[in-house]
Every structure is written in C-alpha cells, then in structure tokens.
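Undergrad: Residue strings, one per chain:
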Amino acid sequence: MGQITLSNVKKSFGNIDVLHGINLDINDGELVVFVGPSGCGKSTLLRAIAGLEKITSGEIAIDGKPVNDVTAADRGLAMVFQSYALYPHMSVRQNLAFGLENSKMPKAEIDERITEAARMLEIEPYLARRPGQLSGGQRQRVAIGRAIVRRPVAFLLDEPLSNLDAELRVSTRAELAALHARLSSTMIYVTHDQVEAMTLADRIVVLRAGKIEQVGTPLELYNTPANRFVAGFIGAPHMNFLEGTVSSVQSGNLVVALADGYQLAIPARETSLEQGARITLGIRPQHVTLGSGDKSIQAKIKLVEALGSETVLHTEVAGQKFLVVIPGQHDLASGTDIDLSLSSAPIHLFDKDGHRI
Amino acid sequence: MGQITLSNVKKSFGNIDVLHGINLDINDGELVVFVGPSGCGKSTLLRAIAGLEKITSGEIAIDGKPVNDVTAADRGLAMVFQSYALYPHMSVRQNLAFGLENSKMPKAEIDERITEAARMLEIEPYLARRPGQLSGGQRQRVAIGRAIVRRPVAFLLDEPLSNLDAELRVSTRAELAALHARLSSTMIYVTHDQVEAMTLADRIVVLRAGKIEQVGTPLELYNTPANRFVAGFIGAPHMNFLEGTVSSVQSGNLVVALADGYQLAIPARETSLEQGARITLGIRPQHVTLGSGDKSIQAKIKLVEALGSETVLHTEVAGQKFLVVIPGQHDLASGTDIDLSLSSAPIHLFDKDGHRI
Amino acid sequence: MTAPLETASKPSAVQHLGAIALAPVRLVMGLIDRPLRALQRMTGLSGMAIFFLAPNMLIFGIFVLLPLFINFVYSTTGGSALFLPERSYVGADQYQRLFDCSNYLDPLTCQEDAFWTAVSNTFWFVVLQVTLMIGAALVTALILNRNLAARSFWRAVFFFPVLLSPVVVGLIWRWILQRQGLLNFILYPFGVDPYTWLTDRTWSFAAAVGVSLWAHMGFYALILLAGLQAIPKDLYEAADMDGTKPARVFWRITLPLLMPNLVVVIVLALIRSVQVFDEVYILTGGGPGTSTLFITQYIYETGFVSQPRNPGLAAAASILMGLVLVVLTLVQLGLGRRGEKKGKR
Amino acid sequence: MGRAAAFILRRRGGKGWHWTDIVTWVWLIGGLFIMFGPALWLMFSSFKTPAALAEFPPSILPYTSQQVSVEGHDKPLTLYDVTLPDGTTKKLAEVRRIGLFSQMVDPAKPDETIRVNINSRKPVQELSFATENYTGPFVHFDFFRYLWNSVFVTVMATLITLIVNSMAAFALSKYEFRGRSVAMLIILATLMVPLSVIMVPLYSIISALGLFNNLWGVILPTVATPTGVFILRQYMLTIPDELIDAARMDKASEWQIYWRIVLPLTAPALAVLAIFSVVWRWNDFLWPLIVLSRKELYTLQVGLSIYSGELNVQWHFILAMTVVTMIPVVLVFIFLQRFITTGIAGTGLK
Amino acid sequence: GDVRIMWYSDGVEGEVLADLMKRFMDQNPDIKVTIDNVAFGVIKEQLPVQLEAGHGPDIARVTALKDLSRHWLDLRPLISDAAYWDANFGAQADWMRPDGSNQISGFMTQVTLTGGFANKTLFEQAGVPLPGPDATWDDWAAASKKVADSQQIPFAMALDRSGHRITAPNIAFGANYIGADGKPAPLDKGAKDFITKFVGWTNDGVMSKDVWVSAAGQTYRAAADDFINAQLAYYYSGSWQIPNFATKIGNGFDWVATGSPCGPAACTGMPGGAGLVAVKYTKNPKDVAKVMDYLASEAVVKEFSERTLFIPAHKGILDKGDLNFKTEDPQVKAALDVFVKASKTTAPAAQKMPGWRWADTVYGALVTRVAQVIAGELPLDDAFTRIDSDVATKVKDSGL
Ligand SMILES: Nc1ncnc2c1ncn2[C@@H]1O[C@H](COP(=O)(O)OP(=O)(O)OP(=O)(O)O)[C@@H](O)[C@H]1O
Ligand SMILES: Nc1ncnc2c1ncn2[C@@H]1O[C@H](COP(=O)(O)OP(=O)(O)OP(=O)(O)O)[C@@H](O)[C@H]1O
Ligand SMILES: [Mg+2]
Ligand SMILES: [Mg+2]
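Those protein sequence lines, which keep their order, are chains A, B, C, D and E. Residues 1 to 357, numbered by my numbering, are exactly what the first sequence covers, in order. Residues 358 to 714, numbered by my numbering, are exactly what the second sequence covers, in order. Residues 715 to 1059, numbered by my numbering, are exactly what the third sequence covers, in order. Residues 1060 to 1409, numbered by my numbering, are exactly what the fourth sequence covers, in order. Residues 1410 to 1809, numbered by my numbering, are exactly what the fifth sequence covers, in order.
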C-alpha cells in the first residue's frame, strides 16, 4: 500500500533530456524529500510518478505492479501542484469536495473531512470563495487541503508551503507530519526549505540535473555528504569550500596549503592522497568560531548580516569567499580583519572530482 | 524619484475589507520589506501601490504627487507578481525585452540588459524557451528578470524568491541587494523568509489583517518588538511565550509566577506593574541554554528536531510549549527532563493586551 | 484574522433556478459516470477520446459526409432527374464543361461563362469582405470587452442583425438602397441627388459586401468576445506594469493570445463569404448585370431553378468550390497552428 | 446626473480622454445608427399598411392619412391640406377624385363642394400602427402550434448540439490520439458544404430513415455542426491542461473531467454556441421546408413563408411576424450573453 | 380519408379555399381535407424533389404543370362527369398532361394573361391621350415618353424581368419558339426584332433599365412598385397585378388596364396561371377526385374567382360573362373586364406556350442574356448566339 519503485526512469521533452535514469525505492509509509536546484527535475519526477507525464523509458511500479500504463486517476495518489491548479469555477469547498465526490463518498463524511482539513489549514472563513478571491498563501493551503482530504496511499507534494508565512509554515509542517504519522501513507515532498527537509524527511533525495546525487537520512547527508555538491546543498548557509593542495601527508595528519600560502593541518583518516594533489576543504559556517587559537586562519570581513539570533559574516580567506555564522548580535564592521578558529570544526575533504575523501 | 506615501489607504473587495487604513512613508531609495501572515493584505497593498487595484479610499502619492488616478502604466514602477504573470506566448527573451521595447530602447541596450539579467538569474540557457517549458523556479526568475531589466524608480516584489532553492535564493538575494545599492531605487519587498527580511530590509513593515503593527529596522523589531504579535512573528523559530502573573514587584526586580508555581525573577525596568497582573514573558529559543544555574527552569522534551547545525527541542515548561534551539547535534531523547538556563536570555514582557512593557 | 463569513457571492435568484434545473442533469451525469469509468479502464485515454468523438462523428457521417459523398457521385452523372438511380453516368464531363474555356481570364470565352464570372466575383468579394469583417469584428469585440456602462445593451446592438433572417436582411437593405429608398431620402437634404446604388456596378458590389458585413459581424464579434474573456487578466496587469501602450498591448498580448479564436473567425468568415448567397440574392439578385453573381447563386440556379435542372453540373461546381475552400482552410490552419501553440500556458 | 454621466462615459484609467475612448464612442454611436437603425426601421415598418410599405419616399414611422367622418357621407373621408387658388391653405376632406380634379368639402361645412387640382392637395398624415399585420396571421395560421414546433426544434437541436459538439471538441482539444488531425480535418472540410448543395442527397437519406415529415428530421442533420465543434475546440485550447491534470489526480473519470471541469470553464464559448444554435435553428427555413410538408409540423419560419407567393409577397405580414418571432431569440440572447463574460480559466493557477 | 392540398397564395385565395373546403367537409364528413399553405418557393423547388421521391401531397397548386406532368393522377376514370371537365377546362388540359395522352390531371384555378397598365392620371396631367386598343408597342412607347418627359418621372415604361413577359411582345412581333420537331428552334426574326427594339428603348431611357439589370440569371423581378408609386406611365405586367394595385394604389391615381399592345404579327398577351392537380402517389384517389369535382364545379369556380379577383379558366362561366367580382373599386372591375376580353383574342402561338415543355428553358435563356446586354456586358449579336447555344445545351443536357 504505497511502495513506489522507480527503475531507470528517463524523461525528455522533445530533445531536452530532463531525467537521466532515476532509480529509487520508496518504502511504504516513508516520507521522502526531494531537494535539488531549481530546474533539476523534481516536479517532472513527481508528475511522472503521478502518471501525468508519460515517461520516455524505464518503469514505475507501485506496490510492485508496474503502472506505466495506468492512468493518473487509477493510481490512487494525491498531489499538491506547484502551481496549485485549483478549479477556478468552484468554491474552495467544492474544490475540496471534488475528489471525494469522485469516489462516491457519502455527503456527511465529505463535510466532515472538509471541516477537518479547513480547520487544520485555517481556511474555514474562505470555504465559500472562489480561488480567484484568495491570497497566494490561501490558495496554496487550499491546494494542500485538496490533497489531504483524499487520504490516499501516497501524497505527492510539490513545494507545498513555499508561499506560507513562517508561523503557518511551522504549524502546517507539523500537521503534515502528524497526518503522515496517522495515515502512515507514503509521502514524496519537494521543498527548497532546509528546515522542512531536515525535520520532515525519513530520507532525503538530492537531485541534480536529472540525476540522483545522494539518498540518505537528513543527518547522513549533513554529516557525510557524498560529494561536494551535496555538501554545498545541504545546510544553510552553504558549506564553505577552500581550495588547496596537499603539501605533506604524515600519518594521521594532512597539511594543506591554501591559495596564498596558508598551511592547515588536518587530522586525516586513512587516505591515499599524494603530495601535491588538489583538494577541497569543506567547513560549515556554523562550525567556525571567532578568535585565534590552534587551527586558526585570518579573514577579512566583507559584509555583516545581522539576523537577530545570529550574525552572518561574509569574509574572505586566502582570496576565497568564506562564510561565518556566529550566534547573537555582534558589532563588527566590514573591512576589519579577524581571526577565525577552526579547532572545533569537522573538516570535509573532497578530491578534485568533488568526491568525498 | 521613488518616494512613496500612503495615507489612510483602505481597500475592500465587495464587503470584504482587506486594508483598514494604511499610513506609511517610504523614502526614496529605501528597501522596505512587508511581512505578515498569509492573507493579511500584503499583495493587495502592493497592487494598490502599483495601480492595479483601485483603492476604496485614502491617497497614494509618489514623489509627493497623488497618483490615485494615474494608471499603472504611467506610475513607472516595476513589479514581480506573486503569480509571475509571464506572457505565455513569448519566449523568455521576449518576456524580458517587452517592457524595454515599450520605452523604445535601442536594441543593443536591450540585449545588453537581458544578457546581464539572465546571467545574474542563471537563466541564460532558457532564453529561447516559452514559460510553459520552464520549471517553477525558472519561471520565478524570469519574473524577477522582467522587473529588473526595467530599472524603474521603484520595485515592487511579491515573494520573489519563494520557489528558489536555498543556494540560488542566497545568490539572488545578494544580487537584488547589489542592484538596489547600485540603482538606489526604492524597493518594496514581500517575503515570508526571515533571513531575507532581516538581511535585505532597511525597514520592515509588519502587517496583520490589513493593519500595520510595527515599522522599524530589522534589529529594532527583533530586539524591541512593539507587541506580542510582532515578537512572535519576527525570528524563527518564533519566540516562546510564558503566561504568568506578577507575584512581587521589587525595585529593579520582578518576580513572575508561572502556571504551575515556578517563580522567575526578572530584572525589570521602571514599571507600573501591579502585583497580580497577568503578564507574558517572551524568550527567544536561541537565548536559552542547557544546564541549570542562576535562572533556570525545568522542561520536558517532547520532540527533537535535528537540523544539522542546530537542534530544535520542543519542550514543555510549566504546561506551556517552549522551544529551545541549541547549536550542534545532540543526542537527546524525547520524554526526558532537562534543565534550561535563562541567565543569558533577554526577557521580553508583554501586558495582558499584548503590548510591550 | 477576522474574515467575515462569505457574503460576496450570495447566490442570486437566477443561480438558484439554475441549481434546480441542474439537479436532474447532475443525477443523469452521475449515473452515466459508472459505466463510463468501466469503459475508461478498458480502453484507456485514447479510447475515451474516441468515445467523446463518436456521437458527433456518427451524426456527422450520416447527415453530412454521406450526402457529400453522394454529391460527388452526382457530379459524375448527367441528365435532369433528381434522384441518382435515374441518372446516367457521364464521368468527368461536367468538370470538363466547367473548364471548357479558351481564355480563363475572360469568362465570356467559356462555355459556362456564368460560372467563371461567379468565380471571379466571389474571389473579390471574399478578399474584400473577409478583411473588413475581421477588422470590424475585432474592433467591435475589443470595444464591447471594455468596461462600458450598459454593456449588454451595446452587445445586443451589434448582435441584433444576426438575429434577422437573410431574407429580411436583404429586404431591408434593398428598401434602403433602392432608387427611392431610405438612403436617398436621408441624403437628399444634404444635396446628394438620388442615386440608384443598386444598379451601379461598383456600388452594388460594395453594398453586397457591406450588407453581408452588417448581417454577420455580430456573429464573429461574439466569438472574439468570448475569446477575449479567456485571456488571463494578470497578463494585462503585467503589461500595464511594463508601461505598455494600448496599441502595443493589442498587438503583442491580445492578438497572439486571441489567436485560437481568431483562427475560428478567419476560417468561418472565409468559408461563409465564399458561400455567400441569401441576403445578396435578395438584395441585388446578382446584378446589375452579373456583377454580384456569386458561386452559390450559380449552383442554385443551375441545380434548382433553370429548366431543365442540371444537378450534375451544380454538384461538380460545388465540389470544386469545396476543394478550393479546403486548401484555403489548410493554409489558414497552418498559420494558426503556430498561434495556437503560442497561446498555451 | 453628473454621476450618471460619469458612469456612462467611464474611460480608460484616470483623467482625460484617451484616443481609445474616442474610438470607442465613435464606434458605439456609429454602431447604434448603422447596426440598430435599420432594424429599428424594420420594426416601425412592420406597422405599416401594404400601401405605406410600397410608398416612396419611405417614411421612418408608420403614417396613414387621417380620416374624418363628414355629415352626409357614409364612409369616413380622407383629410387633405389644400392650397387654395388664393394661396391660403385649408384642411379639406376629399369626397371623390375625378381625373385631375378632386371634389372636396370642408368638414365644418359639409354642403359646399370645392374643386381642387390634385397637385395642390396633400394628405394629412397621422401616426398609426397597423396592428392588423400582427393580428392577421394569428387568424390565418395556427400560431401556437407553429410556436411549439419551433420551440421544440430549437431547444432539442440546441441541447444536442451543445452536448455532442462539446464532447467532440473536448476530444479534439485535450487528447492526443491517432486520427485526431484526420478527424479535425474532416470536420473542417465539411464546413465548406453549403446546405443547398447536399439538399437532394440529404433528402434521400432522411426519407430512407423515415424521418420525412418528422421534427427529428429537421433536428438531426443540423446538430453535428462543424462550426460548433470548431468554435468550442479552439476555445478549449485556451483552458490550462494543468486543471485537467489536477482533476485526474482527484480520481475524476474522463467523463467527469469533461462535464465538471471542462464544460463549466468553456461557458463563454458554450454561451456563444448556444446563442448561435438558437438563432440558426429558430430562423431555419430552407431545410424544415423540405422535411416538413404538413402544416401540423410547421415551424414558425415555415409558417411565415406562406406569405411569399409566386407573383406577390405580402411583406406587411412577413415583417410583422419577423418582429414577433424575433422576440424569443432576443430574450435568449439577453439571457445567455451574460455567460460570455465569465472567463476565469487562468485564475486557478499560480 | 385524408386529403392534403399543398397550396400557395399571392393574396387572399388561401382563405377563400379554406372557406370552401370547410363547406365541402360539412357535406362530406368522411373526408378530411387539410390545406398545407406553403411559399411558392416550396412548390417550385421542393415539390419536384418530393414528387420524384414518390412523396408529396394529394393535390397541389402548381405552375410547372407540364414539367411535372408525369406525377399527376389521371382523374378521368374517377370523376363523376368527364365531359363537363373536357368542355369547360379542355382548353388548358393539355398544359398539364404528359404529351400525347388525354389524361385529366386537374384544372386551372386561375388563368392569367399578360397585359399593360397605364397611369391615366399621369397621361391626363401631361395632356397626352391614351393610345387606343389597337395601338402598337411603338405608339405606347412614344406616348409614354411624352408623359415621362412632361411629368419628370424617371422612366416611361417598364416590363417585368421575366422571359414569359417578354415573350408576349416577341410573339406580337412574329416570333415562334417551337421548331418543327417540337424542340426549341433558334431565335427567329420576330423575336430578334422586338429584343433589339427593347434593348434600344432601355438605352434611350424609354424602358426602365433598373428592373432588368437588378438581378443576374433568371431571377424574376417586377416593376410593380414603380408603377404603384406613379414613377411609370406604362407598365407591362399581367392580370395578377390587379388585386395588388387595388390595395396599394387606392385612390392615389387612376389606372387602367390596356390589354396587350400590338406588334406587326399580332396583338397578344401570354397566357399562364396556376393549376390544381391531383398527385398520383395519393392513397385516396377517390376522395381526391371528390374534392376536385367539388372545386371544379361551376358554382365553386365562380365564387372562387369572384372573391379572389382571378380570371377563371372555366369556359362556361367566361362565356356567360356574368362574373361579379367582389370589389368596390370600379377600376378593378374595369381592368378585369379588359383582361377577360383579351383572353379571348390570345394568339395561337401564345396559347401553345404553357403546354410546351421547353418554354421555361427558352424563357430562362432570354432573361439571362437580354439582361446582360442591357447591363452592357454582352453585345446584342453575341446574346442571340448565346441564347441559341444555351437552349441547345439545355436540351442536350436533359438527355431527351
Ligand atoms: N478578489 C477578492 N475578493 C475577495 N477577497 C479577496 C480578493 N482578493 C484577495 N482577497 C482577500 O484579501 C485578503 C488579502 O489578500 P492578499 O492577497 O493581499 O494577501 P497576502 O497578504 O498577499 O497573502 P499571501 O501571503 O497569502 O499572499 C485575503 O484574505 C484574501 O482572501
Ligand atoms: N514542457 C517542457 N519542455 C521543455 N523543457 C521542460 C518542460 N517542462 C520542464 N522543462 C525543463 O525540465 C527541467 C526540469 O523541470 P522541473 O519542473 O521538473 O524542475 P524542478 O526541479 O521542479 O524545478 P523548480 O524547483 O524550479 O520547480 C527544467 O530545466 C525545465 O526547464
Ligand atoms: Mg518544480
Ligand atoms: Mg500575496
């Protein structure tokens, strides 16, 4: 009831190849989040699973049965469209009821489900309105509501919360999580929001240009990204990358020379790195602290962004951009030089092809 | 050149009142961010300024001249629509060029501007496509591009980055900021993203149900929210509120009794609080630390969300929900009791009407 | 947030009536749904496409295609009998006769001089009428689409002539344009001498064009009006924000997005102007001389009026006319196809 | 008043007259005269007597000569404005006309006859509506029966047209299937066939099906109009496919998509087609004339046609009945045209 | 049983017939007669289609009598007194039966005769005397021209745009369309003479050009409205205009029927008219015969004619001359009398035309081409050859 298997799914629009062979197993009841840069094929993949887009080759199976030739209506999934696609001629209530009426549900139950969904999404006051009379966020909530009243075996959610305010987003996210827990239905969730991805996902699938880069639990991806792309993509602000060359390899220790001569000693795992190899160091902005010390580098502040609870410093280290996030509010002027300590920072190493070492 | 004044602007759709008298002065070259819950009237206000929505009463003036009767085309503003509103029959390039051709700009300059905007928004590969052949995020970028190539006296941006991935969002935001700095054009920016609001805004306008709640610089709003609503709305995750009553007022110190008998001593400014007054304490989740100490309370962990760089604890304090954000990853199980220290936390006080004390 | 309960779209009396009238329809539609779902499972989407197309095609096949085919058979027979079994097969004789000309540019050198006169008259008529028709219908639709006071009244004004039967249309205008007609009566005070508009070759041709424009313009304007409504409002808002002049909005936004509906209008206007008959027949009868004799009148006279009738020749002429129209329409659609694609969101 | 004027003369955007406003009003006023004027004149003419109809120069309003009853004459006499030889004018009644002279009396002094040259008299005209043009036909023919037949034909044909055509248009606009272009082509190709051309074959088919002298014989051949399919299909092309996708995700069957999503969103085009269909079927004349040869089955238009004889056409009746038969279609138009302005298809999308 | 009559009306004759049939049904309760009133167009264009398909009414009022004659029912064995029919309607019986048979198909509800009308008032005002009964076409042309010039009216004379109408003067000028084999002969001198003269008149403005150029092909156009509005001094049309003039002219001016002007060969009009015929596909031939018998009976024919102001075909009635037309207008009575009288002097060549199969073919070609000449599209000589070739083609087309 809700297990989805993609085998070598490819999709082209004319001569534009969008999906290049996707292989993925989604377990029943699992909540999988698709992330990836804009235009990488997330929506297309979702639409292919829904049955709205004919795939060019490969196979999609639901609960082991291939569904390539099953129409969208018969696959039994529900979807929240990135563009909402609300029925403009129906009131919000009718929009929500439509799917239920199609499965010949008794009127009373329809009403009950609508009431519940409307309460949950805070759209009760608008039930009688047409989509054209709603704000962007309200429309988006109706689109979510239309999917959840259905209680299908699997949900496909395409950036469902992108137009909601922070507070509503948190509460709706929590409601979705609760719903997922309650119905134990499979969910495929596309989002650009790091927090959503990290908190909701059982597994995150990182897509890039129509290919899967890595699949794993949120912390797996955060702590051990398979490559430079994933490392940069997971975590906000993104990981800092410093280019360097291996200047010496000692047992358990690696010395890396950065662009302008800085030398950085890094505790290295068993490694096959040669001296002189080009290498990239990855350091998350949150793991850098102010102050000089053991492993410290000098940086020049370019820009200071105060977010209230934390401050983001855009600095330059050895001629390369380097972000630092420090908690609290700080009175730092741009243009000043500061010392950054990396002593408590886990350092990720990537070879010249971007693979994790 | 871009100073916008709103005096008592009201707007109703039929008998639905959406804006209830908005007064606001936006200075030339200022970047003002509108935030507020979904459906509070941000888009409507933006559309009213743009001249797309006739206001019911009040006056809108640009550079001191009332523009109530000036058509949108003649107000000389540019807008990014929440719904994009791209011309479906034109290629991306034509979409971008359309506004420029209107002002009879030489072809060479049009090309130059398009090239620049396309580079900035990373949409060069799609210039020849129609909007229907783009992903959601790509469309949104085209919508932004269409506004920025115009270089108008004022930009109106309605959630312009909502469908972009984190990385792109950061870079586009930076580009917008640079653009703003370079053109020194006024910008009104609607967003639900805290980071965007905090980093971009000269001033933030907090709207709620068609009324302005507070106007101020980002840190003003963060540090001294005028009321409970603003306090809860600015900052993510939102501020914790603990309900309590004043149990004693000593000079310079206030003792507040929480629901289940906890007593909390707070350094108070000159205050006119009576003993027994109902009061709300506001504490930001980031300001709470683990461990017992001077001002500490006990909490029970309900849920742990690991975001990688930080961990969000959903706890219960004195029977009320209480969020805690602690940096790093922690192995805490839900259900356990922990001690929270408030010693370093600025505590906000709100009276029973929600006003800041 | 305190949005009051919805009052904006309180159902009007008409909507109530509509709802009551729709209830049985709902029921029926609901009842058919179940078998159709089964059908859909069995046949898939393309099967459903056939299902939706079938009733139309069936009726169409019986009442349009079949007669058309029979008509073709007619064109290969001779004699004056009306029903096929009594007619003799003559092969391509009728076509040969139509094409029997020593100089195609001079109709009088043809065996069927009337046919060629009609062809050339029809050609000029079509060129003139279709261009004017599309222009006028477009302007009317655009104007009626504006936020006018008493919109329905204005719509009725422009649509009114469509309600009149061709006979009445022809008649009114004959009364207006004849020597002692209303027009001369109105113009007289302005120092215009009474003129016999309908016996002047140029004027009567212009009158034929004008009257058929008058009679059918509302029809096309209405199609375009519906098409204009289908253009999303936010695009106009975007264009407004882009500081677009009305003329440019028209050329760059309205026109391309109206294309699918404009194609309807162009194709229909073309076809119907080639088939022009009734009102012009009443108005000018094809005169003066043969200056407003059009193909359909030729076909009608050959097939039904002249003694003895020649249905075979009439059928051949109609088949030729149809062929020309098919070609023209294909060209139109070829041009329109680009527009259609463009209009898609 | 000022506000009313401001409302009526509402213009584009704000202040001042934009050129489009001027074009609009020129077009509207011109339209009022050119489009509506003749029709209005037709309406007035329908109240004219046959003599007044044939009169040159035509009058705009229906006038007749005024009659007076004069003592000593059984019948009312026609009143004239007479210019007497001494240059004065007088209102006199004509007793009889003999050649170039007419004998007239002053209604006040009925005994005295005056001889007047016929060129110096002019009838006194008064506005008078020849209502017998309207009442006459009700006596001559079975008006309500014809009306019922017309209504039946129009309603049935329109309903079937709308359903059958919209189904076909749906298939042709929203599905990809083999033979789609061929079907479209066939439909378009047959647009070219004027009815008069296929009349005889069609007649054979109708007789073969036993539909001769049957209202269904009038209805069926008209309902698969290619025009309708074409109009609807082109309009449906503008409905975003994404809405159909959404409905499919909502487990809607294709039939439901057709009638719950596509049909309502096609309302403007359906209204247009409904108006056309009603007008066409109501005014249909040639084809019903062939199929219906019994007067119990006549539609109004066929009934009306009996006033066209071989050598004489009784225009006064035809005009009056044209006006009467137009009333229902005008009402239908006024009712349906409101649906034309409800284009909302795009608003459900982001 | 049921009897259906398909009937068209130019005036009140439909109501009169309905009246008569009501009376008939009162006397014959077993027969139900239904009158299907139709437009003349239906009779002309649709009835043939129906008849060829074997449908059609039981009785129809038709003008294309000869052309459709193979569909008519032979009433001879069914009617009560064939001799009465032969005696009174025999003169026109040939117009409506297949060539070479002695079938009785029906009878003429009305005979018409072409003839002229003069606007007496205009003549008086111009001081021009009306030409006498033996006046020629040239006399009328000259007189009318004088009237037109003095009274400032646009045209002196008009002749309906119709092959049938122009055939009357053609025959008066000695034309004979019928060849030795019964098929159309090429145009002879008589026809060419008048046509030449006619075209000359239209060019000189004596004859109204408008009515002839205002249509193409064989379309019928009448100039009656011009006459009614006193825009013509002399109008050549036919007896059927009388009721029309009566209502529309009223006492606007005095008008008189003049009979047909003379030509070198004869002074003749063209006969014509509509016949009531029985259709052989009827299911109740007996009842049909009863209805026909009733309608053809002397009293009924007399009443019908008197009320409709039609000239009857019934020889007995005409011979008795006691027709009392129901009108108060003395001009109408006078005019009808003129036509009744003229009907007795119709030239034999003219008498033959209604019963001649190819008459309409020749008429059609004449109208089409002469109109083109008048419109200046075709030289006269070309028109003559075209007329001949048009007719020849048609004859060939028909496959006979
Ligand atoms: N045409 C309309 N008719 C009636 N109410 C409307 C209409 N358009 C908007 N509203 C209502 O006005 C309010 C404000 O809408 P607006 O679009 O300005 O909200 P918003 O602040 O932009 O919200 P969001 O963040 O969701 O986009 C909403 O409650 C909405 O339902
Ligand atoms: N109809 C189409 N024709 C051609 N290319 C298309 C079409 N639809 C989508 N694409 C392209 O396919 C790629 C994937 O699109 P998709 O909508 O799946 O992206 P996405 O991952 O959902 O992006 P976003 O986060 O911006 O929504 C994009 O580069 C887009 O330009
Ligand atoms: Mg997407
Ligand atoms: Mg909004």
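Worth flagging that the hints you see were computed from the coordinates, not collected in a lab. Keep in mind it's a predicted model, so treat the numbers as computed, not measured. Glycine residues also receive a C-beta, built at the ideal position from the N, C-alpha and C atoms. One should not assume that every hint holds.
Distance condition first, Cα-Cα at most 25 Å in a straight line; then the derived DSS-like pairs of lysine-lysine [claimed, not checked]:
hint : chain 1 : residue 1 : chain 2 : residue 2
1    : C       : K947      : B       : K367
2    : C       : K947      : D       : K1233
3    : E       : K1750     : E       : K1724
4    : A       : K321      : A       : K300
5    : E       : K1724     : D       : K1181
6    : D       : K1134     : E       : K1750
What follows is a set of in silico ranges between Cβ atoms, one per label pair, in the way DEER data are often shown [said to hold, decoys possible]:
hint : chain 1 : residue 1 : chain 2 : residue 2 : range
7    : B       : T574      : A       : D63       : 49 to 59 Å
8    : D       : L1268     : C       : A961      : 52 to 62 Å
9    : D       : L1099     : C       : K959      : 48 to 58 Å
10   : A       : D63       : C       : K959      : 52 to 62 Å
11   : E       : G1614     : D       : L1099     : 53 to 63 Å
12   : A       : R356      : C       : P749      : 42 to 52 Å
13   : D       : L1390     : C       : A961      : 35 to 45 Å
14   : B       : D710      : D       : I1393     : 54 to 64 Å
15   : D       : I1393     : E       : D1731     : 30 to 40 Å
16   : A       : E112      : B       : D710      : 32 to 42 Å
17   : A       : E112      : C       : A961      : 52 to 62 Å
18   : A       : D353      : B       : G648      : 42 to 52 Å
Undergrad: Now tell me, hint by hint, if it's right for this structure.
TA: So, going through the hints one by one against the coordinates:
| no. | hint | in the structure |
| --- | --- | --- |
| 1 | C:K947 x B:K367 | holds, 23 Å |
| 2 | C:K947 x D:K1233 | holds, 23 Å |
| 3 | E:K1750 x E:K1724 | holds, 13 Å |
| 4 | A:K321 x A:K300 | holds, 10 Å |
| 5 | E:K1724 x D:K1181 | violated, 46 Å |
| 6 | D:K1134 x E:K1750 | violated, 33 Å |
| 7 | B:T574 x A:D63: 49 to 59 Å | holds, 55 Å |
| 8 | D:L1268 x C:A961: 52 to 62 Å | holds, 55 Å |
| 9 | D:L1099 x C:K959: 48 to 58 Å | violated, 37 Å |
| 10 | A:D63 x C:K959: 52 to 62 Å | holds, 58 Å |
| 11 | E:G1614 x D:L1099: 53 to 63 Å | violated, 36 Å |
| 12 | A:R356 x C:P749: 42 to 52 Å | violated, 58 Å |
| 13 | D:L1390 x C:A961: 35 to 45 Å | holds, 38 Å |
| 14 | B:D710 x D:I1393: 54 to 64 Å | holds, 56 Å |
| 15 | D:I1393 x E:D1731: 30 to 40 Å | violated, 60 Å |
| 16 | A:E112 x B:D710: 32 to 42 Å | holds, 37 Å |
| 17 | A:E112 x C:A961: 52 to 62 Å | holds, 55 Å |
| 18 | A:D353 x B:G648: 42 to 52 Å | holds, 44 Å |
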